[in-house]
Amino acid sequence: MKTASRTEPAFPFYLASNILRGPGGAKPPAFFTGTMDWQDSGTILSIRLHGESSAIVEVFTATHGRHLGVVRGGASRKMAATLMPGSHVALSWRARLEDHLGSFTVEPLASRAGALSDRLALMGLNSVCALLSFVLAEREPHPRLYAATEPLFTVIGQAAEGWVVDYLIWETALLDDLGFGLDLSRCAVTGTRDDLAFVSPRTGRAVSRKGAGDWAPKLLPLPLCLLGQGPATWAEIGQGLTLTGHFLTRFAEEHSRKALPEARRRLIEAIARQG
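Position 133 (the sequence shown) corresponds to 133 in the numbering used here; numbering is contiguous.
Please keep in mind that the hints were generated in silico from the structure rather than gathered at the bench. This one's a predicted model, so the numbers in the text were calculated from it and none came from an experiment. One or more of the hints may lead you astray.
[To be verified] Derived DEER-like restraints, expressed as beta-carbon distance ranges:
#1 Glu150 <-> Glu262: 22 to 28 Å
#2 Pro143 <-> His255: 17 to 23 Å
#3 Leu49 <-> Ser111: 17 to 23 Å
#4 Arg273 <-> Thr249: 17 to 23 Å
#5 Lys210 <-> Arg119: 40 to 46 Å
#6 His255 <-> Lys210: 23 to 29 Å
#7 Ala81 <-> His50: 50 to 56 Å
#8 Ser185 <-> Pro143: 20 to 26 Å
Cβ atoms here follow ideal geometry from the backbone N, Cα and C, with glycine treated the same way.
All chains, please: the whole structure from these sequences, using the hints.
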């Protein structure tokens, strides 16, 4: 998986402490708070209780990646509607040091509660949240993936027609961001762009029927909807998710040795029952 170094504060805390301490160990001037803070927006991935009244909230943010923080009073009924997986929120994060868990102040921007009225859409939303939590390291920015994910959250949150195809395409974008991108532009064997029907399970490159030859049974079917050809059937969507699932599983085996999230499995099973 692509990695990025953690962003350093604009002025290192240890230098500020030494410079501002003053003669004889005097306290720093009042303007120096000795804290880290930032503002961002993002979508809530998960919530878990912390103590009697607080919650630890996991958010996929626009510029700070997957980030956790404590929300004071997050366990209250008043905060329940805001702190739902899929909710789009404005965040302020504050901590004593950069590597501390820190605390969030959260304000709602958009609700995706429409998914609650559609069982399949709710499964889709849960799968997106679970996959992001599973594959992304903490505090690593993923701007391209974030840009691809927010529109998906919106259409799923509205239970809009065709969101399942958008979900499938999003999984290909997720693979690309993880360094496991598919190359569906031309046949890996013949170089042709015509009659692409399979994908190599080893390289992720497309293969035409002619190029596949006797190897066809060992290749993964390539649904036409991933090539932008024709309306997608439930069977094609299932084929596409089998394809993306193969490479997501490879990523999981190489990086965590854990199975993919149960939320994705439940979505796949529900889609299979639609056909």
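So, going through the hints one by one against the coordinates:
Evaluation of the 22 to 28 Å hint for Glu150 and Glu262 yields a pass: the beta carbon distance comes to about 24 Å. For Pro143 and His255, the hinted distance range of 17 to 23 Å is satisfied, since their beta carbons lie about 21 Å from each other. Look at Leu49 against Ser111: about 21 Å separates their beta carbons, and that is inside 17 to 23 Å. Between Arg273 and Thr249 the beta carbons are some 22 Å apart, a value that agrees with the proposed interval 17 to 23 Å.
For the pair Lys210 and Arg119, the beta carbons lie near 42 Å from each other, so the given range of 40 to 46 Å is met. Checked against the hint of 23 to 29 Å, the pair His255 and Lys210 fails, with Cβ atoms roughly 36 Å apart. Checked against the given bound of 50 to 56 Å, the beta carbons of Ala81 and His50, roughly 19 Å apart, lie outside it. In this structure the hint that Ser185 and Pro143 lie 20 to 26 Å apart at CB holds, the actual value being about 24 Å.
When held up to the earlier numbered hints, the structure conflicts with 6, 7 and fits the remainder.
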